[in-house]
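Protein chains: 4
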Amino acid sequence: MNDSRPLGIALIGTEFMGKAHSQAWRNVAAFWPEHPVAMKVLVGQQPEKTREAAARLGWAESGTDWASVINRSDVDIVDICTPGHLHAEIAIAALDAGKHVLTEKPLASTFSDAERMTRAAAAARAHGTRSMVGFNYRRIPALAGARAIVRSGRIGTVRHMRVSFLQDWLADDTTPMSWRLRKEIAGSGVLGDLGSHLVDQVHYLLGEPITTVSGHMRTMVPERPGPEGREAVTVDDAFWATGFTASGVGISLEASRMATGRKAELDIEIYGSTGGIRFGLQRLNELYVLESIGPQEDRGYRQVLFTEPQHPYAGRWWPPGHVLGWENTFTNQAADFLTAIAAGEDPRPSFEDALQVERVLAAIEKSSNSRGQQISVSLEG
Amino acid sequence: MNDSRPLGIALIGTEFMGKAHSQAWRNVAAFWPEHPVAMKVLVGQQPEKTREAAARLGWAESGTDWASVINRSDVDIVDICTPGHLHAEIAIAALDAGKHVLTEKPLASTFSDAERMTRAAAAARAHGTRSMVGFNYRRIPALAGARAIVRSGRIGTVRHMRVSFLQDWLADDTTPMSWRLRKEIAGSGVLGDLGSHLVDQVHYLLGEPITTVSGHMRTMVPERPGPEGREAVTVDDAFWATGFTASGVGISLEASRMATGRKAELDIEIYGSTGGIRFGLQRLNELYVLESIGPQEDRGYRQVLFTEPQHPYAGRWWPPGHVLGWENTFTNQAADFLTAIAAGEDPRPSFEDALQVERVLAAIEKSSNSRGQQISVSLEG
Amino acid sequence: MNDSRPLGIALIGTEFMGKAHSQAWRNVAAFWPEHPVAMKVLVGQQPEKTREAAARLGWAESGTDWASVINRSDVDIVDICTPGHLHAEIAIAALDAGKHVLTEKPLASTFSDAERMTRAAAAARAHGTRSMVGFNYRRIPALAGARAIVRSGRIGTVRHMRVSFLQDWLADDTTPMSWRLRKEIAGSGVLGDLGSHLVDQVHYLLGEPITTVSGHMRTMVPERPGPEGREAVTVDDAFWATGFTASGVGISLEASRMATGRKAELDIEIYGSTGGIRFGLQRLNELYVLESIGPQEDRGYRQVLFTEPQHPYAGRWWPPGHVLGWENTFTNQAADFLTAIAAGEDPRPSFEDALQVERVLAAIEKSSNSRGQQISVSLEG
Amino acid sequence: MNDSRPLGIALIGTEFMGKAHSQAWRNVAAFWPEHPVAMKVLVGQQPEKTREAAARLGWAESGTDWASVINRSDVDIVDICTPGHLHAEIAIAALDAGKHVLTEKPLASTFSDAERMTRAAAAARAHGTRSMVGFNYRRIPALAGARAIVRSGRIGTVRHMRVSFLQDWLADDTTPMSWRLRKEIAGSGVLGDLGSHLVDQVHYLLGEPITTVSGHMRTMVPERPGPEGREAVTVDDAFWATGFTASGVGISLEASRMATGRKAELDIEIYGSTGGIRFGLQRLNELYVLESIGPQEDRGYRQVLFTEPQHPYAGRWWPPGHVLGWENTFTNQAADFLTAIAAGEDPRPSFEDALQVERVLAAIEKSSNSRGQQISVSLEG
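Top line first, the protein sequences correspond to chains S, F, E and R.
Add 1 to a position in the first sequence, counting from 1, and you land on the number used in our numbering.
Add 1 to a position in the second sequence, counting from 1, and you land on the number used in our numbering.
Add 1 to a position in the third sequence, counting from 1, and you land on the number used in our numbering.
Add 1 to a position in the fourth sequence, counting from 1, and you land on the number used in our numbering.
Just chain S, with the same shape it has in the complex (with noise of 0.2 Å):
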């Protein structure tokens, strides 16, 4: 690589996610003058569509050929946002020719491609190749500064921690049938969608894992009208789990597609023995913290808005009281790995950091085969 001209991206993936990191390598030089990107090619399926989102979306160029892209000497990073299960194989082959990889979370489908991508990217950093999984909410500035606060001491000893990510979109028992909802295609339903960024959070925040498990999933609506009929839905669309850390903090967590009126709602809350936070993805600018400062009987939660120059990402974006929005912690994102690959550091959550996510939702969903029974996790290595 060549540090006087702009890293050259490649994107591949080409629907949601396609187009929020669109937005982010779009935007990225804009705020961080320090990282100049150059948004070479847009890989897709489609040649017409993958042409015209290249266009809409600011890219040089489209193909279909991902293989050829990652070899592109132009090409630097090498940015995934294809289906889990493609994961594993673009990001072995782009981490081999030497291009530092961003991939979508979950990790991959299956257990065994994580832990062979884990591998691959811990070969690739012997040669300074970075690699980094998309848990894109570690960027909220407020919950930047929430694992600020939890490191500082500042709420004490942690003792409880509250997760949970609350959706609607499959409340209507008429809403049909999709891939997304079988296990073969999907890999998995909540647990690993929603779920993973339960547990991501867990570790960040606490910076510590989650050592058992004990858990319960549920398909609530177990059939939904297909193209040829009531088709099963395969996947599960709700789950339960208790779990502690090494250090015994006690943790809940809870998930589901089918909480109506809550549209994409993630809520943190951690108690610790002298403060807590508490946290809300709809407010996504704001943090409630609590401190053992003053006089206990005037002591409360004050709501603090993540939007001064001091606070994590924020001091790149508005004036105080200027809010952002969720679009924004994709670039934050972007700039952290782009940030770490011009100090020759490895970013974080590291592809070791995603694969330890799936060991917790694996033994989840052990547990919930087995009744409940407490599960524990497999530490790295």
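In case anyone wonders, no lab produced these hints; they're calculated from the structure.
Each hint should be verified, as a subset may be incorrect.
Note: identical chains are not told apart, hence a pair may lie in one copy or across any two.
What the hints assert, rightly or not - In silico SDA-like pairs for lysine to any residue, Cα to Cα no more than 20 Å straight-line: (1) LYS367 <-> THR213; (2) LYS50 <-> ALA61; (3) LYS50 <-> GLU35; (4) LYS50 <-> ASP66; (5) LYS367 <-> PHE245.
Using the hints provided, position chains F, E and R relative to the given structure of chain S.
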């Protein structure tokens, strides 16, 4: 009993609950004038202290011998606010004496006591003697309204329910040891104290019992300073459980005495196929309700203030917008008890209802001792 | 008066406020046992209805002749809850008879009556006879706490204050005519009814009076259906004012009976040079406080639940987290009145304080009649 | 202009608003692909700084001579983000050159400039040249939705409206003097800066202009530290006004730069005869709506999240529940401008609309100089 005179009340217990129940009896006739009562006698352990409390709280007399009091001909109702291990003996004797009995929750400190009490209540019922347990949160207008909404089908088929009760009076690990933290005296910790309210609300709001549970209990601070050095805390200070009802509703239950900054926060969420309900005890006049009315894009949880004359209990109190507090739930409860007695009907929650709550709590404890293994709850009878 | 017996109370007025004050007298000794009272007599207009109310509300006797009641030797306190145009005659007679007087707000229905009452109160004070006006919102723990915070300097120099009181019971323009909408009977509309609370809170919380005002009053629905056809509404149903205190605090005041969906919402905001305070009546246990503590970027309004024993009034009631309602403010008010009598001190708000509120309201009305021209408020004396 | 090529954009101004508008132009085609644009040239004062900004923000070229830029044949749209006193000269020249003009608010720094610009816009309109003013809050989905709700009659006849804009960047009286606090440079203080948004929202949401106003302006901190000692602040830092529309809607307006703890909080409340609307800028994805649907006792404000595909603008962005931020309003604004140009229609708010806002602000200032005397606002034409 003579219909032409006010019912005579005897209250056993002078502490926190005794004070709350005294206020209920002192005020109920002002708002339910069709049910006049006479506050005959307050019974406590210490003569002088009980005499002072009786004068202060509005009782005509005081005494220390509950056994003689329950046989007085001018006493129609015996209200039991003693520590739980005394409930059984007093309640059974009072029922045998033909007195209507209101007892505070939990029903008893042992399961066998609870069963004996339930049998006594059933026997007394045959003679028109009424009995009820003081799960006062059933008397919050917003929760009584929530139950009506669920039963009416306005939120469709219920699929999820989330209940939690968070307190923080043990968050400080220098808070000293007390009798409430000793299992041999208190009977149980947070599971019995707060978990019983949670389970009762599930049964009350859904109208069907929890049939399986999987749970975990923990003592986060296992030792606390006592007068003679550090002592072992022998009850739980937090628990987590996942339950299911016969119809398949998935329920998360969680309670803690160490949720820093949450003083006494009972939160309830119910998600149905076409709507939802949310409630928080610190804002007990408010209920958040979502229904499938109007265009899909216009929907959202609406804040309903339960102070309108059409709302349960509210029409007896103040004009719209004039909010009630925690204490009013006890007056509402007294009114419901008096109304049932006058109507010759059995009030709810009955001793059987409370026994069923105990069965769920026992199953959670058993599950916790079996590393979360799911346990079936025995059903009444 | 004889120190060794409870003070005897006579209450004049049986309607809404009579019911609220009755509850205060019925309960005050349970929470302030150092101030026992005897509920001697309730006075109303109709003998039978008053007798029924007295029995229901806990009064020993009933009567219809206030003049004889205020001369009874067993009556120490006269509590006036009649319509405003009767306040002056009763209060002056009672003070002349040496009885302590608590009167509901507004002080009187005419300014000259208010002045006469204030002179009578000053004269009586010389003989140790106490008088107070029932601005009950001063007795909300959170607002008493807010006053303490302002006075302590914890939010710096106050610059802005916003007060509004929004109701909606006249929003429906088919709501029928009533005596409260006729100026000759009601004296005033929303300005006198709700505006008086707003001005009293400004004076109470800031500790200094409003000295200039500019205002506008409107009758949004000028006619309403009466028994014999449409009738003219002759009082205001909304007003807006901008005021300034002597020290230069800028204040917005606004009230309406037509703010659809707001039942009885008194909102208060105070902005100082280093902090701020926010309050809403529908969540009256909560105060939102910002202070300049810690790093600038960590600051925010914190929710303080005013149920701790150190908070004003709260220690007399229930444990932390057990919220109070609207009615408790009257019990707190009665306790403050009794405490002042026992201490031989003059309680606040005095008749002079209420007269000063009337002066501000009169200036707003005068300004409204002068197209908003700013008017100076005459100061007491 | 040639339909077959993207419209060429020139942006004059490189600071805060220049950055926000650049982002709009950089992203608009990704979400409105039917309106491709070419970011031709960024114009600033300092060559080097402008060159750097152009590169960073995505402009093809940079320049310092706006006069030559507006005559370039490849420029179709001139977007003016300079300080207000330069708006008139640039806008008039650009319109004369046949370029569509988008200018930031306020329209101009003097009333006569605003009138000249409006005349120029009217003349240009005859030739199909479009002009618009950047009141970006009109582009918040929730507020565009609020306007539709008001116009549909769903909240009945509007009677009250409350608008306030609270900031706190001047709360600290040691904050140093700046050019924005000098009237000769800034033109106005909080009235022009924040009050203009408030008045525009009233006109936009109600669809009718304010016709009378009564107001008060204040400079709370009259001196601030400058480089050579204390200097006089010559603009207002707070104002209060009461306005009425022709149909009689009563409106309170209030803004401050000294509301400690409120960063940039535009709050709006609208009360109609059958419903109401509430909005706060810090939670700009949410609208609170009350309508007369269902039984009276079940009503309440419901929280509508404006992220559904049917909501204004929202369908162009992300799936339901994925919230937008402040910056997205500028992209929405650019899209509206491009859509109007393509359709051959005049976009709103027009220069006439902005001039009418200025007339209201001028009347408030005149009223403030007349001790609050109510002033009639001259109507357009």
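Right, here's what the structure says about each hint:
{"no.": "1", "hint": "LYS367 <-> THR213", "verdict": "both (12 Å within a copy, 19 Å between copies)"}
{"no.": "2", "hint": "LYS50 <-> ALA61", "verdict": "within (15 Å within a copy, 27 Å between copies)"}
{"no.": "3", "hint": "LYS50 <-> GLU35", "verdict": "between (33 Å within a copy, 15 Å between copies)"}
{"no.": "4", "hint": "LYS50 <-> ASP66", "verdict": "within (14 Å within a copy, 41 Å between copies)"}
{"no.": "5", "hint": "LYS367 <-> PHE245", "verdict": "both (16 Å within a copy, 19 Å between copies)"}
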